[in-house]
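Asks: Using the sequences and the hints, build the whole thing.
Chains as they are written, first to last, in the numbering used here: chain X, 406 to 670; chain V, 137 to 398.
Honestly, the hints are just simulated from the structure, not real lab data. Not one of these hints is a red herring.
Sample of chain V residues facing chain X (criterion: CB under 8 Å; computed from the structure):
(1) 200
(2) 235
(3) 241
(4) 249
(5) 260
(6) 280
(7) 282
(8) 292
(9) 293
(10) 306
(11) 371
Keep in mind it's a predicted model, so treat the numbers as computed, not measured. All residues carry an ideal CB built from backbone N, CA and C; glycine is no exception.
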Amino acid sequence: MELASARHAFVTGGASGIGLAVADALAARGLCVTIADARDDLIAAALAARGDGFRGAVLDVRDRQGWERARAEAEAAFGPVDVLVNNAGIAPDGLELADMPPESFDRVLAINLGGVFNGIATFGAALRERGRGHVVNTASMSGMVMDGPGVGSYGAAKAGLIAISEVLRMEMAPHGVGVSVLCPSFVATDLMANTLRMGGQLRDPSLSLRAAPMQPAEAAAMVVRAIEDDRFWIFTHPERRAAVEERHRGILAGFDAMGPLGKLA
Amino acid sequence: MDLSKAKHAFVTGGASGLGLAIADALAARGLKVTLADIQPDLIEAVLAARDERYRGAVLDVRDREGWARAKAEAEAAFGPVDVLVNNAGIAPNGQHFADMSPDSFDMILAINLVGVVNGVFAFAADMRERGFGHIVNTASQAGLSVSAPGVGAYAVAKYGVVALSEGSRKELAPHGVGVSALCPGWVPTGLGENTARIGGKLSAGGHGGVPPTEISADELAAMVIDGIERDAAYIMTHKGTWAQVEPRMAAIREACELRTQG
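Replies: Structure follows, in structure tokens:
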């Protein structure tokens with residue numbers, strides 16, 4: 406979309422990491438930004454260093470009434486939301502599925518997938534009716550490729566999020582609303598610490614992404630470009646391409662293996 | 137896996153359609169079969185026409201305690217489960233995301249995605265310990281690409297099932313346990329009727345734009361048996377799926393290249 410005509414962005418997980426970087430990048434383009442986050446302390450810290458163009462909204466993305474409240478307050482202050490960035494998420498617990506407490510799977514799914522559905526349920530109809538806007542969903546390369554053991558719940562949620570994005574794009578395109586899906590690999594954020602604060606578990610709590618080579622601002626710049634160009638896929642880490650291609654080859658091999666039985670089709 | 141060494145299969149959504157066809161195909165290979173299904177009347181009707189190699193288990197795949205009970209009873213009768221077929225599922229609701237009721241989204245996710253992982257939670261640790269077993273998860277071609285608006289929640293769940301299958305396959309392969317994602321196109325079964333019977337909403341427009349083909353449930357079950365024996369990661373059944381999957385892969389490749397070029 407043309408960002409010059411956009412006024413208000415609503416960013417979940419907006420008080421740190423990629424969310425905050427996207428919020429800043431959009432503010433730099435002249436948008437007012439609602440920083441929605443589950444953590445009021447982070448919101449307060451972010452707002453203290455920023456101007457009138459920012460407001461905070463304490464929001465647990467699992468809370469559907471909370472979404473309605475946050476939307477009403479945000480739009481009363483800054484007008485209708487033009488850009489929705491569904492970015493809030495937690496990290497996987499690192500356990501293999503055979504060992505995972507079901508509640509841990511549920512938590513990852515509820516925040517990383519259900520939370521995004523809630524954002525779309527809250528803003529989708531209004532964006533469609535106004536005939537303009539853009540939705541960005543923060544998925545992950547883990548939604549494209551299932552990396553080694555211990556990412557089952559996260560990968561399933563992120564794969565589902567990619568599906569939400571693909572379908573939403575088809576549904577919204579005729580109405581002038583764009584959709585992008587962000588598929589990063591490691592970015593220097595506080596994902597691990599935030600996961601613990603949200604009640605999530607980590608097999609290795611000392612894990613940190615702070616040393617990751619990609620800074621949130623780099624990913625945010627790619628997000629803003631994708632919104633402007635109305636590009637769907639946002640891949641940030643070209644070195645992961647080989648893994649994506651390998652997965653695709655595996656799926657295509659499934660067709661090759663159909664053999665005589667497949668001739669039935 | 138070597139099916140001749142397998143003794144007991146547990147099949148969800150086992151009392152009709154694809155599940156029943158897979159159950160029959162496994163029974164024909166000498167396995168005892170537990171038909172797990174949410175509809176007791178369907179189980180009863182099926183068992184009435186079959187022999188003592190079959191048992192029934194009334195199971196709502198959303199119910200984790202129900203899984204534990206069904207497993208205990210099934211294994212007391214037929215021994216440890218070697219083959220788990222997570223097949224139960226309901227149909228797309230036909231709604232666009234902007235119009236979808238949260239309850240409808242939740243229901244499809246709970247049955248079609250969480251219901252599958254509940255099966256993994258119930259059986260995978262035992263299979264890993266025994267060093268033997270195979271899990272088939274019924275995904276869909278809608279787990280690999282989306283074909284039309286209105287398949288939203290269904291596609292979300294099925295993408296998730298494919299990802300779960302890939303993830304658990306990596307985790308279980310070192311322990312001699314195989315996992316396959318079954319990705320069929322449309323097959324004539326009682327899916328729509330069963331969806332309505334357990335309270336799901338149905339799309340008016342059919343099958344997400346996917347045209348029906350001539351593959352029957354029995355033909356598809358033969359492909360599943362073949363896939364188990366080959367330890368296939370993906371069991372593809374409809375050549376037409378290719379026409380949907382390939383353009384998606386091409387778009388992803390192009391987007392990756394765009395990034396590579398900066």
